[in-house]
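A.B. asks: Here is how the chains run, residue by residue.
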Amino acid sequence: MWDTLIIQPFTNVLLAITMVVKNFGVAIILFTLLIKLITYPLTAKQLKQTDAMQKLQSDPRYKKMMEKYRDNKEKLAEEQMKLYKETGVSPFGSCLPTLIQLPIIIGLYQSIIKAMAATPLEMLKLERLIYPFLDATKILPIQNRFLWMDLGQPERLPILGIQIPILAIVVILTTWLQTKVMTPPSTGAGDQAAAMTKSMNLYMPILMGWMAYSLASGLALYFLVSNIATVVQYSVHGRADWSRILPFIKSKTPAPEPAPVIVLPDEDDEDEEPVAPKPSTKPSARSAVKQQRPQYKRKK
Amino acid sequence: MKKPLVKLVLLFLISAVLLAGCAMGPRAESAPGLSADDNAVYVAYMQHVYKVDAKTGTELWRYPAAGSVQVVLYAPPLLDEGSVFIGDLANTFHKLDAANGSEIWNFAEGKGWFQAKAATNGSVIIAPSSDRNVYALNADGSLKWKFSADFGFIAEPLILADSVIVAGLDHNLYALDLETGEQQWVSVLKGALVAAPAYDPASGSLFVGSLGNELVSIDSKTGKVNWTFGENGEITAIYAAPVLAAESLIFADESGKIFALDPASGAIEWTLDAGGETVAGILPLEDSFVISLEKGELRAYKLSDRTPLWTRTLDGTLYTTPVISADKIVVAVTKGQTLLQAYDLVGNPVWSFTPAK
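Top to bottom, those sequences are chains Y and Z.
Residues in the first sequence are numbered from 0 upward in steps of one, following numbering that gives the first Met the number 0.
Residues in the second sequence are numbered from 0 upward in steps of one, following numbering that gives the first Met the number 0.
It is worth saying that the hints were derived from the structure and are not from the lab.
Small disclaimer: the values here were computed from a predicted structure and weren't measured.
Among the hints, a few may not be true.
With a Cα cut of at most 20 Å, we get these calculated EDC-like pairs of lysine to aspartate or glutamate [said to hold, decoys possible]:
id : chain 1 : residue 1 : chain 2 : residue 2
1  : Z       : Lys334    : Y       : Glu121
2  : Y       : Lys124    : Z       : Glu276
3  : Y       : Lys21     : Z       : Asp169
4  : Z       : Lys256    : Y       : Glu126
5  : Y       : Lys137    : Z       : Asp169
6  : Y       : Lys179    : Y       : Asp50
7  : Y       : Lys137    : Z       : Asp149
8  : Y       : Lys81     : Y       : Asp50
9  : Z       : Lys189    : Y       : Asp134
10 : Z       : Lys223    : Z       : Asp199
11 : Z       : Lys110    : Z       : Asp149
12 : Y       : Lys124    : Z       : Glu28
13 : Z       : Lys294    : Y       : Glu121
14 : Y       : Lys124    : Z       : Glu293
15 : Y       : Lys84     : Y       : Asp50
16 : Y       : Lys113    : Z       : Asp169
17 : Y       : Lys137    : Z       : Glu233
18 : Z       : Lys294    : Y       : Glu126
19 : Y       : Lys21     : Z       : Asp149
20 : Y       : Lys137    : Z       : Glu230
21 : Y       : Lys113    : Z       : Glu28
22 : Y       : Lys124    : Z       : Asp169
23 : Z       : Lys223    : Z       : Asp161
24 : Z       : Lys189    : Y       : Glu126
Please model the complete structure; the sequences and the hints are all you need to start from.
C.D. replies: The following block contains the structure:
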């Protein structure tokens, strides 16, 4: 089922592109870009939903609710759902497009592996995946040579006798770039989310770099193109904040509202509105996170 | 507050270690490489090559003693005068002592997988590689010459008097000078060549099948095509070497159809439907032949009239050509409960071999 619906068509498209451009490396690049293009509406929808969710989380009503029901999870969930309904924001709106994209991304990855058949058994399996209208005898085997790389082997470029994994280094850099420019600023949801984001930003490039270092360079090429395409998509959507890596670029991210001072109510005046201070003038991006954290004052 | 962070870090570390573990070894799916001499069977599969007593199915040694995910072996071992020659998917070619499995030397200048059976005439060892090179090694493991092409080599070479015949994935059958590695001739076929050619010393003809749905007879001196079988769509892809038996050229195509051709003319002598897809070659016996089908069946037929003699079913898939040793037919199983299964000549199971962990 998975093979018939996802792997087989993907592999055939990849092979058809290879037949046209006569270069497997270029075919991987074009195929990755094609898939990114096809899934762009889903990505755009996901970004829109993420925006909406972030706005909602900055809403004073949301913050007040979070504070008010922090010890009553059931009530909090109930109130959150009410607010989601009222504002038309779907809590799963940003997850659903990602979930739909997931099998496509996995299929893309697996079809590249299938196409790089290097053993007789792998060739047999690939031959059986090829649709009859594509002439398997002409396609097989795939020419794995691309630039200085053998796409079926981990990539190393010998420079002055030292084998340097150029592609793995570039994958690390682009993954770091991707996480850096795409990670939205903290909305003040708490240190936990910020810490998680920080960890992701650190470990993802290492993980991807290690995979690019040890796996066949055809897959590393896919990681690289995918990273670049994702950054471009986010930039087109106005979601890439280049000021995080290029300080001379002015941040497009609007300076977040300063956090309200929430005056914790006494038992008898639950409905009292929190007292928010006047917004300060243009807080720096770095101080924005700090400023967003609610400042608690005990009512005297 | 700290707990989720610790969990996240642990999760990433575990993922990294697991992925790194998976990623460190070569990612390849292949079938066991099988060879045999009079007394022992040698099988290369995953992290080891095993020498197994053909009479009892007992493991005699394994190489390397401690397996590593970085070293994977699938090439059928080459046996020659007390030595075993085998390449691995870590781009290294080894000479082992057949008596105890210890390494005598290795050749690590390859940049691609060694997955083909090597060939030797006693003084030169021919090791084809997926890195697009055919390496000729001296008896001490040093490089004698190398021949480069546009695609890799995964088929067993054939050494004739002063030349070596190598089948390439680039659809070409090459004849190279055994001393220098210079190309003597090349014959271009329709599809990739994944199996060794067969040679008829009487006529000097080579017979080779390709993934281009053809079997071709080629003059070994000139490289000229004598005849081509399959031009009218009679056959599908050929993944195994043909064999010469009872004055016929016998081979099976991927669909499971067995053909016997007149080696001189390529005319069909008989055909037989084996009843399932096959990529393994045919094992000729004295008055019968055995074929293994992908679906896990081993079938024996009488050579004279193709009468079915026996069928045995194994748990797993069969991609490897069976071998004979000590009057036992030994078959290697891919993803089965056992790695090797031995039968006597009338199909009675004798022993099975599953490597101890």
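A.B. asks: Now look at each hint and say whether the structure bears it out.
C.D. replies: Status of the hints after comparison with the structure:
no. : hint                : result
1   : Lys334/Z - Glu121/Y : 15 Å, holds
2   : Lys124/Y - Glu276/Z : 12 Å, holds
3   : Lys21/Y - Asp169/Z  : 14 Å, holds
4   : Lys256/Z - Glu126/Y : 18 Å, holds
5   : Lys137/Y - Asp169/Z : 10 Å, holds
6   : Lys179/Y - Asp50/Y  : 17 Å, holds
7   : Lys137/Y - Asp149/Z : 15 Å, holds
8   : Lys81/Y - Asp50/Y   : 19 Å, holds
9   : Lys189/Z - Asp134/Y : 11 Å, holds
10  : Lys223/Z - Asp199/Z : 15 Å, holds
11  : Lys110/Z - Asp149/Z : 14 Å, holds
12  : Lys124/Y - Glu28/Z  : 10 Å, holds
13  : Lys294/Z - Glu121/Y : 17 Å, holds
14  : Lys124/Y - Glu293/Z : 12 Å, holds
15  : Lys84/Y - Asp50/Y   : 16 Å, holds
16  : Lys113/Y - Asp169/Z : 19 Å, holds
17  : Lys137/Y - Glu233/Z : 18 Å, holds
18  : Lys294/Z - Glu126/Y : 17 Å, holds
19  : Lys21/Y - Asp149/Z  : 14 Å, holds
20  : Lys137/Y - Glu230/Z : 15 Å, holds
21  : Lys113/Y - Glu28/Z  : 10 Å, holds
22  : Lys124/Y - Asp169/Z : 19 Å, holds
23  : Lys223/Z - Asp161/Z : 18 Å, holds
24  : Lys189/Z - Glu126/Y : 15 Å, holds
Figure legend: structure checked against the earlier numbered hints; every hint is met.
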